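Participant: Going by numbering that gives the first Met the number 0, the letters in the sequence shown line up with residues 0 to 487, in that order.
To be clear, the hints were calculated from the coordinates, so they are not data collected in a lab.
One thing to keep in mind: the hints can contain errors.
Okay, derived cross-link-like pairs now, SDA-like style, lysine to any residue, Cα gap no bigger than 20 Å in a straight line [stated by the list, open to error]:
1) K465 <-> G359
2) K296 <-> Q155
3) K480 <-> P464
4) K465 <-> F448
5) K292 <-> Y346
6) K424 <-> V290
7) K296 <-> R425
8) K292 <-> R352
9) K162 <-> L97
10) K465 <-> M212
11) K296 <-> D347
12) K292 <-> G359
13) K465 <-> H481
Computed from a prediction, not measured in an experiment: that's the story for all the values here.
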Amino acid sequence: MNLSLAIWMPIVFGIILLGSGSDRNTKYVRYFALIAALLSFMVTLPLVIDFDVTKTGMQFVENVPWVARYDLRYHLGVDGISVWFVVLTALITVLVILAGWEVIRERVSQYMAAFLILSGLMIGVFASLDGMLFYVFFESTLIPMYVIIGVWGGHQRIYAAFKFFLYTLMGSLLTLVAILYLYNATDTFDVLSWHTAQLDFKEQVFIFIAFFMAFAVKVPMWPVHTWLPDAHVEAPTGGSIVLAAIMLKLGAYGFLRFSLPIAPDASIYLAPVVITLSLIAVIYVGLVALVQKDMKKLVAYSSIAHMGFVTLGFFIFNPMGIEGGIVQMISHGFVSGAMFFSIGVLYDRMHTRQIVDYGGVVQTMPRFTAFAVFFAMANCGLPATSGFVGEFMVILGAIDYDFLIGFLAATALILGAAYSLWMTKRVFFGAITNTHVAELLDINKREFFILSIFALLTIAMGVYPKPFTDLIHPSVIALLKHIAISKI
């Protein structure tokens with residue numbers, strides 16, 4: 000029942016908030032949303048606490064008929080690959096509710112409800128073991144995020160929301176075709192049965208490309224990445240946090256749950272293509288980040304580069320690479336979420352994201368600057384931060400796969416340091432550049448608490464990643480064995 004509670008509790012609470020539909024009692028709406036998010040987070044904790052690391056299969060399984068005529072089932076379960084993302088989604092939702100506590104003053108109930116509903120839908124993606132159920136949750140996540148960008152976003156919010164929606168929807172259409180093809184081939188929508196389906200090479204290539212279209216857009220991989228910077232720039236702070244911390248992970252997770260196990264031969268055959276696209280994302284997009292003038296756009300391009308590490312790790316087919324990619328996904332949730340929140344803190348005070356409008360912020364906001372510099376360091380892979388662990392594991396795996404690929408991937412550490420520290424220098428250090436910076440007030444208790452949670456998680460994972468990797472390792476080994484057996 001824990002998985003069903005994790006999915007449906009925030010959705011039900013969100014619907015209740017929508018029913019209130021009034022801004023007359025915003026104080027009570029905020030507290031209701033926070034309590035709902037906290038309760039939803041608490042029901043995910045037993046998934047990690049009671050998780051049996053000695054098992055490789057699915058745990059906390061729920062499997063009941065949904066539409067019996069077509070063998071559609073309400074089939075849920077998590078393994079070491081997915082369990083952390085369920086917890087991460089629920090935690091980020093709590094922080095997002097707090098992030099919008101004072102900033103959102105119009106349509107507060109709808110804003111909070113959108114994030115609660117989105118949280119349940121994203122957890123549904125990570126927990127679904129029925130192909131059609133997965134697709135329903137996967138596509139449904141577009142609706143609340145579209146609303147969040149389109150209603151509470153910036154001046155170009157309608158353009159950004161439409162671009163986000165159209166890119167991701169168009170990418171997913173072939174996925175539906177692939178799901179229906181697999182159903183016709185196997186007479187079931189059960190994802191675990193698809194893993195053992197006997198598909199010939201041509202069928203696998205078709206299935207791989209169909210899933211790739213959806214997952215590559217969602218990650219996003221180069222060259223279908225152009226929707227992300229626009230979406231980030233126009234989204235409210237909470238929208239950017241969820242988009243970077245969780246929604247990008249839906250595509251990467253899809254590779255592990257669908258592409259690799261269902262089409263292993265095609266995955267191996269097409270791996271050089273994915274590796275090339277990943278390296279372009281890591282290097283080229285990193286260079287693009289260097290020339291950005293908008294802080295949000297810079298961090299958005301940084302996210303594309305970091306997710307390039309993830310897809311690179313998945314397609315070098317060794318434990319270090321895949322585990323490193325998953326660790327990088329979790330770490331990116333902490334670090335990118337914190338960076339977007341930090342930019343939001345400055346925007347709330349100055350109403351500008353242009354780097355040139357800042358300078359000398361450390362002199363008026365010393366506590367905030369300490370956090371912001373720390374997260375910039377984590378973003379460029381500083382040892383003892385979570386940003387280092389995942390990238391280091393992927394680079395080690397890549398070197399084991401091919402030294403040149405590992406060498407090219409390692410250049411991202413230099414580029415990451417370049418754009419992160421360049422932005423930090425111009426925004427936070429030096430002389431105060433204008434009267435608006437001189438009048439800035441340091442972070443309050445709410446902002447300090449949110450940044451502290453992000454910082455503690457980033458340090459904890461950077462210093463002691465073992466609890467994360469212990470849960471991930473058995474499922475990754477089982478996946479690689481499946482790929483190796485299929486290859487034979």
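Participant: Can you name, in rising order, the numbers of the hints this structure does not satisfy?
Facilitator: 1, 3, 4, 9, 10 and 13
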